[in-house]
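K.L.:
Protein sequences appear in the order of chains G and W. Each residue of the first sequence is one higher than the one before, starting from 830 at the first, in our numbering. Each residue of the second sequence is one higher than the one before, starting from 5 at the first, in our numbering.
It is worth saying that the hints were derived from the structure and are not from the lab. A quick note: this is a predicted structure, and the numbers were derived from the prediction, not measured. We put the beta carbon where it would ideally sit given N, CA and C, even for glycine. A few of these clues could be false.
As the list claims (entries may be wrong) - Derived, one-sided and incomplete: chain G residues facing chain W with beta-carbon distance under 8 Å: (1) C844; (2) E846; (3) Y910; (4) K919; (5) S932; (6) I934.
What follows is each chain in one-letter form.
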Amino acid sequence: MTTTEKTYAGVCVTCNEQGYLTNFEQWNKDVGLAIAKEEQIEMTDKHWEVIQFLQEQHKKQVPLSIRKIGKSGVVSIKEFYQLFPKGPLKISSRISGIPKPVSCI
Amino acid sequence: MKQLLILGAGTSGTMMANHLRKALSKKEWNITIVDQEETHYYQPGFLFLPFDIYKTKQVKKKIEKFIPKGVKLLKEKINRIDKDNDLVVLENENILQYDILIIATGTNIAPQEIEGMLGDHWQKSVFDFYTFEGARNLRNKLRTWEGGKLVVHISEMPIKCPVAPLEFAFLADSYFINKGMRDKVDITYVTPMSGAFTKPIATKELGHLLEQKNIKVVPDFNIERVDAENQKIIDYGEEEVAYDLLVTVPTNMGDELIERSGFGDELNFVPTDKTTLQTKVKDNIFAIGDATNIPASKAGSVAHFEAEILTENIQRYIQGKELKKEFDGHANCFIETGHGKALLIDFNYTQEPVKGTFPFPNVGPLSLLKETHMNHMGKLAFRWIYWNMLIKGKHIPFVSATMSTSGKQLETTNNL
């Protein structure tokens, strides 16, 4: 897989070809905000709550799913869709600086 | 005498019974395996059954045929595990004490999790092919179906054998061409993932297959409900896909006994260490196969590789030694692409599927991530290997439990 260097909010980060950070350590809130802008998402406190949940799960190495978000107590699945329309898990994962959920191939 | 108890006599449980009866002293250890079923199904065959490639009798045999001498088989329903007292309570209220417990209760489809999936239309216009009954009923439907919109659909991840729905779509294309009615069938593949292929190399190498076979893909579709009356599925973002025939993979969940036992995640999968296969529930409880929550594919090949490592770790546990953190998520799967061809993929937790040869570098005879007739022959030969070697716990020559990198073209990946 090829990676590229990108600058978000003055921070140089490494991304894969689909625009996901390859090193979570490079993430900070300003980087997340700049990626959100690219995704045309206006971030609110609720958005950041979801991002924080995703990052906590990522640190615990828990694979993420829509069901897990719905049971998180942070948002319902419907609200998740309202916050990050069209493919909420992949968009919110990108803003969180964590890998996109993948299958085996 | 000490007691080793295995819950579930499917692929994983049967393999463990065979491995452990050889590995553990008959003077010191009793082994008991519990399962309520009469039949052991060759589950990979459920993919072929709907297309009349396999007959029903080729995919089922009696469960006891594969339980070795010296292992007691109890055909009972299990109520719950009492982990604090090292007991398993059966539905008939009999109690089984254990020193070591292995959970191998697999995963089941849970169509009730999706609003509107069950009803009068279930197994009439909405089918699964993850059960024997579903695959057989779908075969009967396809024999007389006159065409229309065929939607092949994944409800949510994780599912058993994640490539099976894609294989179903490929085989459907082949099946309808052979019947001379492909022009009457519109095939759409609907997935909650970002595409039919999600890993970079597989996407690059295999993306053309969908276009070539005229299979439309609807990605990022998280189903909220089935509107059976109007024959459409609707996702949380209000996107709709219409069908005449819906072949779905419903939500997959671990056995309800896990929920009754008070552990398991939101899908009843057992929290398990992904390298040792010891559960996080208690030190003397281990788990294998589809029942675990480890981030490996839910597949027979994974269970086979896990079984070799778990057998060693159970022996180490008995001897008071540190467990080997050896399981690497190794999976090895054939993917049918129709017209007598198949792909083969070999990968683990960190190594995505790549091109190459298998099992012998530069020789093969099987090709990785490439459509060949030889791979298809390998998939067909696997049924014999399954019944005669795999579930009997025999080592499959030249295929190691941990993934080998030899024969793989790794220069194009950096293992992300």
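K.L.:
Taking 8 Å as the limit, does the beta-carbon of Y910 of chain G come near enough to a beta-carbon in chain W?
P.N.:
5 Å, holds
K.L.:
For the hint on K919 of chain G, does the least C-beta distance to chain W fall short of 8 Å?
P.N.:
5 Å, holds
K.L.:
Hey, does the E846 of chain G contact hint survive, CB to chain W under 8 Å?
P.N.:
Constraint on E846 of chain G satisfied, holds at 7 Å.
K.L.:
Return the status of the interface hint for I934 of chain G: holds when the least beta-carbon distance to chain W is below 8 Å, violated otherwise.
P.N.:
Cβ of I934 of chain G sits 4 Å from chain W, so the hint holds.
K.L.:
Tell me if S932 of chain G is really an interface residue toward chain W, meaning its C-beta lies closer than 8 Å to one of theirs.
P.N.:
Holds: closest Cβ of chain W sits about 5 Å from S932 of chain G, inside 8 Å.
K.L.:
Let me know if the C-beta of C844 of chain G comes in closer than 8 Å to any C-beta of chain W, holds or violated.
P.N.:
11 Å, violated
In summary, the one numbered hint that this structure violates is 1.
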